[in-house]
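So the protein sequences, as listed, match chains A and B.
Here the first sequence is numbered in the working numbering, starting from 4 and rising by one per residue.
Here the second sequence is numbered in the working numbering, starting from 4 and rising by one per residue.
Check before you lean on any hint, since a few could be wrong.
In silico DMTMM-like pairs for lysine to aspartate or glutamate, Cα to Cα no more than 20 Å straight-line [said to hold, decoys possible]:
1) A:K27 - A:E69
2) A:K364 - A:D274
3) B:K124 - A:D34
4) A:K27 - A:D73
5) A:K180 - A:D427
6) A:K43 - A:D30
7) A:K124 - B:D274
8) B:K27 - A:D292
9) B:K306 - A:D292
10) A:K181 - A:D194
11) A:K27 - B:E290
12) B:K174 - B:E244
13) B:K27 - A:D274
14) A:K306 - B:D34
15) B:K306 - A:E290
16) B:K414 - B:D365
17) B:K27 - B:E39
18) A:K174 - B:D274
19) A:K364 - A:E423
20) B:K390 - B:D365
21) B:K372 - B:E423
22) A:K408 - A:E423
23) A:K306 - B:D365
24) B:K174 - A:D5
25) A:K372 - A:E290
26) A:K306 - A:E290
27) A:K27 - B:D34
28) A:K372 - A:D292
29) A:K43 - A:D73
Quick caveat, the hints were computed from the structure, so don't treat them as lab data.
Quick caveat: nothing in here was measured; it's all calculated off a predicted structure.
There are 2 protein chains.
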Amino acid sequence: MDQVNVGVIGFGTVGSGTVEILLKNRDIISDRVGSEIIVKKIADLDIVRDRGIALASDVLTTDPSEIIRDPSIDIVVELIGGLTAAKDFILKAMQAGKHVVTANKALLAECGEEIYSAAGKYGVSLAYEASVGGGIPVIRALREGLSANRIHTIMGILNGTSNYILTEMSKNALPYKKAVEEAIRFGYAEDPPTLDVNGTDAAHKLAILVSILFGVPVPFRSIYREGIECLTPDDIRFASEFGYCIKLLAIFRNLGDAIEARVHPAMVPLDHIMANVNGVYNAIYLEGDFVGPNLYYGYGAGKKPTGSSVVADLMHLSRQIRCGVSTLIPPLGYSRPGLMNIAVQPIEELQTSYYFRFSAKDTPGVLSKISGILGENGISIYSVIQKGRDMVGSVPVVMLTHEAKESSVIKALAHMKHLEVLTDKTITIRVEGSK
Amino acid sequence: MDQVNVGVIGFGTVGSGTVEILLKNRDIISDRVGSEIIVKKIADLDIVRDRGIALASDVLTTDPSEIIRDPSIDIVVELIGGLTAAKDFILKAMQAGKHVVTANKALLAECGEEIYSAAGKYGVSLAYEASVGGGIPVIRALREGLSANRIHTIMGILNGTSNYILTEMSKNALPYKKAVEEAIRFGYAEDPPTLDVNGTDAAHKLAILVSILFGVPVPFRSIYREGIECLTPDDIRFASEFGYCIKLLAIFRNLGDAIEARVHPAMVPLDHIMANVNGVYNAIYLEGDFVGPNLYYGYGAGKKPTGSSVVADLMHLSRQIRCGVSTLIPPLGYSRPGLMNIAVQPIEELQTSYYFRFSAKDTPGVLSKISGILGENGISIYSVIQKGRDMVGSVPVVMLTHEAKESSVIKALAHMKHLEVLTDKTITIRVEGSK
């Protein structure tokens, strides 16, 4: 029986999930692959804490270089996260001729170029199914299952923490802060969950998905990011009066000469299939020129689902090793360099419909002042909700616009800062998906 | 530049979709694979009809053996469907050392064993992404993406034609026959659509999915099948009063010592994600021991989506050929024989809740007679709807039961045949998914 030796760097949540699957499902894994996948070494700073997994005494080490230097190890799994140390370990492992499996979306999104070219240079494979969508095999879908297509649209709910927070705000009318506290209490969020709620994590994942479409890393800094921190249960309620829910969406659209790549809260029509993706679930909706619309849905995080993806990658690489192949599929799925430059359209150029919630003094003429400024900037109103005095000292004036240009919206809102009748910051949410 | 030569047998809907993609997306396909995929020959009985695709004059032939005998052809694509001729071509192609791509679910479900062992014997690859779920890469998900898991549940909407018919019956309160006529008129159904509406097509697809889970063909004849032909708009309306919709479901469940594998109309709770899968869409919902719940959704048929899957398989095999590999992944994803026997539980052993619609004379004591017989057979009633005289001469008595054994239901219904107060056949629908 063939044997493939694996070294795992990082024995936290995903690391212990990975090792647990390899031990618990060892029989079907080796039946399927035709090789035993053996965890030869695990490196972590903490080798004392009990993870509830029985390991031989010589498996644990605090020194990752023991893994990288071990000539019997075929595949290195990097699960420490973060940029500098993780990159160093991955590059050294590749240089030592080892294939690499990683769940590190931040690293791939921000330093992908370096990693992908090192894989090419040293002739090893890089697999990263666990970096996007937890247990959902969406990387495989894009790199392989849909590889005959030009994908022109992606709408992703890629961050389970913020989706959980929005779901709680929506179902139980909780204010943002309360929902965050709850998410932390139930273990769905770190404390504080900054990168989850400000859109950075979803943008990392979007960068990876878009890179696969074009075969070249998308410049991460050019992805527009906006978080969910400013949303209130009022916005969620008004959205539903208009027939929408609010989701933190990661959006890609191919415009031909440029692409849209942006992460922000968005109004999604209640009858769109993405409107039913609640709680800690993730979903990736996409449209391809031949496949049409496709949806992938499942847990976006957690030790078991993410471990499931890491082990699938280990199984795939073990099959390759067994056949004597070093690289069947290049990191981004392109055997020849793809497009050299992906031009991401600046957010100011976006054309879409908008939701505005103005906080206004309850005096005559407010609506006329607001709509006047919008009109001057070429923004026309589609629908308005104006209600009585719910909030002390001010009333909400809520509207949906027809399609407008983001730069016009920016101008109009800047202009409105001088309006005395507005008592607070205006909330702006972009509308996605046709109603 | 490497070149992979393909021969296509069958130039119908899927065949022309496949060739269209290979031509239209030739640039990204070769950029991704690193080889040109060339359609060297296409065999079909009709080589005269214009498919709107420009081909060199020597590509078309009426003789499939020209493809099988051509030593320059690396991969044969079988798209004629049906059993005898298709099997013959596939086995001959394999014997000639060619890899095979097929969309033929009937053949794989009914004669899989022969095909899989021929692939092994002749050392070639078999790929069949297009056989289940049209453009949805669900075979890849099961064989690779989720390969670390034991999947314990599958609920599939695997036949777009019957899903379209049920959706029309539900949205527009159309009788079954009218909805079928409409499906035929819009090109969503053949005339007559027998294998689609009687559950056979969905059972073929379920057989393939379940075979991958265990690494051995499931005996197709042991899959229970029941179609949608007896359903009425009344049943759909009553179902929705109980909080359910009706879907033709393909269901797998691992019971440990046996499995459930069955296709029949089922009541699905309206808040289940599968309840939102409408029209010609397909969806596969599954649960794995580590990944948890997963859903895959997209078009289940059509030349473009199905062609997308065929070409994805061609690209994967071309990558293998480029690396000098003949079989990276065995047909069912098992390198060693899986379980030798899958025991499918007889439908009589099923335990579930039931929906009954009795057609009864509008006389006193009907409910007591019906519930008496149910009680004698250990079937207890959860909820009843009894309405006034909508139907001439009889009234519907509709109920949901608590969990009961199918054999008890069969007995009770046989017993009721002698009841004079029942005027028509009783409609029985099994309930799926917890409410």
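Against the structure, the hints come out as follows:
Proximity of K27 (chain A) to E69 (chain A) is assessed by CA-CA distance (about 25 Å); at most 20 Å being required, the pair is judged violated. A threshold of 20 Å between alpha carbons decides the hint, and for K364 (chain A) with D274 (chain A) the separation of about 35 Å lies outside it, so the pair is violated. For the given pair, K124 (chain B) sits about 19 Å from D34 (chain A) by alpha-carbon distance, which is consistent with the 20 Å threshold. Distance restraint check for K27 (chain A) and D73 (chain A): the Cα-Cα separation of roughly 25 Å exceeds the 20 Å cut-off, and the hinted pair is therefore not satisfied.
In summary, the hint linking K180 (chain A) to D427 (chain A) is supported, as the alpha carbons are separated by about 19 Å, within the 20 Å threshold. Proposed proximity of K43 (chain A) and D30 (chain A) is supported: the alpha carbons are some 17 Å apart, at most 20 Å. Pair hint K124 (chain A) plus D274 (chain B) does not hold up; C-alpha atoms about 51 Å apart against a cutoff of 20 Å. For the suggested pair K27 (chain B) and D292 (chain A), the alpha carbons sit about 10 Å apart, so the restraint of at most 20 Å is met.
Taking the CA atoms of K306 (chain B) and D292 (chain A), the gap is near 12 Å; set against the 20 Å cutoff, the hint holds. A hinted pair counts as satisfied when its Cα atoms are at most 20 Å apart, and K181 (chain A) with D194 (chain A) qualifies at roughly 13 Å. Between K27 (chain A) and E290 (chain B) the alpha-carbon distance is near 17 Å, which keeps this suggested pair within the 20 Å criterion. Of the supplied pair hints, the one linking K174 (chain B) and E244 (chain B) holds, its CA atoms being roughly 14 Å apart against a limit of 20 Å.
The suggested pairing of K27 (chain B) with D274 (chain A) is violated, with an alpha-carbon distance near 33 Å, which exceeds 20 Å. Taking the CA atoms of K306 (chain A) and D34 (chain B), the gap is near 36 Å; set against the 20 Å cutoff, the hint is violated. Distance check on the hinted pair: K306 (chain B) and E290 (chain A) sit about 16 Å apart at the alpha-carbon level, within 20 Å; holds. Annotation: proposed proximity of K414 (chain B) to D365 (chain B) is violated, straight-line Cα distance about 24 Å (limit 20 Å).
Between the alpha carbons of K27 (chain B) and E39 (chain B) the distance comes to roughly 13 Å, so the proposed pair stays at or under 20 Å and holds. With a C-alpha separation of about 14 Å, the suggested pairing of K174 (chain A) with D274 (chain B) holds against the 20 Å cut-off. The straight-line distance between the Cα atoms of K364 (chain A) and E423 (chain A) is roughly 8 Å, inside the 20 Å bound, and the hint therefore holds. Pair hint K390 (chain B) plus D365 (chain B) holds up; C-alpha atoms about 10 Å apart against a cutoff of 20 Å.
Restraint check for K372 (chain B) and E423 (chain B): the C-alpha separation of about 10 Å stays at or below 20 Å, so the hint holds. Between K408 (chain A) and E423 (chain A) the CA atoms are separated by roughly 25 Å; this puts the pair beyond 20 Å, and the hint is violated. A threshold of 20 Å between alpha carbons decides the hint, and for K306 (chain A) with D365 (chain B) the separation of about 59 Å lies outside it, so the pair is violated. Restraint check: the Cα-Cα separation between K174 (chain B) and D5 (chain A) comes to about 56 Å, which exceeds 20 Å; the hinted pair is violated.
The hinted pair formed by K372 (chain A) and E290 (chain A) fails the criterion: a straight-line CA distance of about 41 Å is larger than 20 Å. For the hint linking K306 (chain A) to E290 (chain A), the alpha-carbon distance of about 30 Å lies beyond 20 Å, and the restraint is violated. A hinted pair counts as satisfied when its Cα atoms are at most 20 Å apart, and K27 (chain A) with D34 (chain B) does not qualify at roughly 40 Å. Distance hint between K372 (chain A) and D292 (chain A) is unfulfilled; the C-alpha atoms sit about 45 Å from each other, more than 20 Å.
The hinted pair formed by K43 (chain A) and D73 (chain A) meets the criterion: a straight-line CA distance of about 10 Å does not exceed 20 Å.
Of the hints listed earlier, those the structure fails to meet are numbers 1, 2, 4, 7, 13, 14, 16, 22, 23, 24, 25, 26, 27, 28, in rising order.
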